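In short: position in the sequence shown from 1, add 202, done, that's the numbering used here.
Take these hints with a grain of salt, some might be off.
What follows is a set of in silico ranges between Cβ atoms, one per label pair, in the way DEER data are often shown [unchecked claim]:
| # | residue 1 | residue 2 | range |
| --- | --- | --- | --- |
| 1 | Pro-307 | Glu-263 | 49 to 55 Å |
| 2 | Glu-488 | Arg-291 | 42 to 48 Å |
| 3 | Ala-489 | Gly-349 | 20 to 26 Å |
Keep in mind that the hints were calculated from the coordinates and are not lab data.
Because the structure is a prediction, the values reported are computed rather than measured.
Even glycine gets a Cβ: it sits at the ideal position worked out from N, Cα and C.
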Amino acid sequence: MAKSPKISANHEPGGLIVHISGLLPSLSPAEQRVARLVVSDPAAAARRTITDLATAAETSEATVIRFCRSVGMDGYPQLRIRLAAEAARRVEPPDARVVGGDIPPGADLAQIIATIAFNDARAVEETAEQLDPAICEQVVEAINGAGRIDIYGAGASGFVASDFQQKLHRIGRIAFYFPDVHTALTSAALLGKGDIAIGISHTGTTSDVIEVLEQARKRGASTVALTNFPRSPITEVADFVLTTAARETTYRSGATASRLAQLTVVDCLFVGVAARNRSRARKALEATAEAVQSHRVGANRRRA
203 MAKSPKISAN HEPGGLIVHI SGLLPSLSPA EQRVARLVVS DPAAAARRTI TDLATAAETS
263 EATVIRFCRS VGMDGYPQLR IRLAAEAARR VEPPDARVVG GDIPPGADLA QIIATIAFND
323 ARAVEETAEQ LDPAICEQVV EAINGAGRID IYGAGASGFV ASDFQQKLHR IGRIAFYFPD
383 VHTALTSAAL LGKGDIAIGI SHTGTTSDVI EVLEQARKRG ASTVALTNFP RSPITEVADF
443 VLTTAARETT YRSGATASRL AQLTVVDCLF VGVAARNRSR ARKALEATAE AVQSHRVGAN
503 RRRA
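Whole structure, please, built from the sequences with the hints as guidance.
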């Protein structure tokens with residue numbers, strides 16, 4: 203299986219801002235300053251001359267031009283046109299105090315709720331918009347035909363990996379999740395042709411997940427990477443690359459929007475697999491639900 207193609211420079215399904223955000227870590231430090239200005243306020247960037255943007259980013263006009271080419275634009279005029287179109291279609295948050303996803307010092311709980319709700323919803327929507335159905339179809343087919351499925355993730359991505367394993371297990375698929383890198387590596391070493399390994403990493407730089415995915419690939423298993431950044435290191439050891447579109451800002455270590463974006467992709471894959479085995483999946487879900495039914499408090503049962 204061939205590695206998934208990169209998104210065309212002339213068409214970003216999730217929008218130009220999502221595309222630039224995904225490429226941010228692969229840009230030079232000076233280009234990153236330009237990117238952050240563009241991403242934070244596309245409308246303002248579209249109104250600026252190349253000199254104005256370079257000055258605001260504390261860099262040169264040549265760097266702005268390099269940035270344009272790095273994100274697939276022919277030059278600055280094309281970037282301004284695309285940014286203006288992007289700004290016109292962007293949905294503004296319902297609360298005017300919600301700006302760029304940052305929660306300022308002293309924010310009251312109402313503002314915190316509005317900011318988190320807006321950014322979480324946007325992460326899910328933008329992830330769905332830029333998700334490539336053709337690549338998803340190939341991954342679903344690979345999972346559907348796999349003899350065994352190993353899923354890897356660390357930290358918050360580990361919770362998503364565990365969720366995916368549990369979902370697949372509920373419909374009778376042989377799937378494993380190993381939170382410990384040593385057991386993950388030993389499991390990956392036993393994979394082979396016809397098996398599939400799925401690595402989940404928001405940054406795409408988590409060495410444990412990359413190492414395990416690489417081990418699985420060496421053994422002949424198909425490999426899938428789920429990451430927010432299409433040029434991150436994990437994509438180099440993946441046959442298929444699926445991307446999210448989450449922009450973490452304040453309290454990034456909490457991995458909030460990124461986790462929901464990953465779960466969106468996981469749910470799409472799970473339902474895709476279940477839909478191909480509708481009768482089997484339904485019977486498995488009914489059997490597993492019945493198995494735990496006795497551990498649920500009935501509607502007519504009163505607590506002591």
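Going down the list of hints, with the structure as the test:
no., hint, result
1, Pro-307 to Glu-263: 49 to 55 Å, "violated, 36 Å"
2, Glu-488 to Arg-291: 42 to 48 Å, "holds, 43 Å"
3, Ala-489 to Gly-349: 20 to 26 Å, "holds, 22 Å"
When held up to the earlier numbered hints, the structure conflicts with hint 1 and nothing else.
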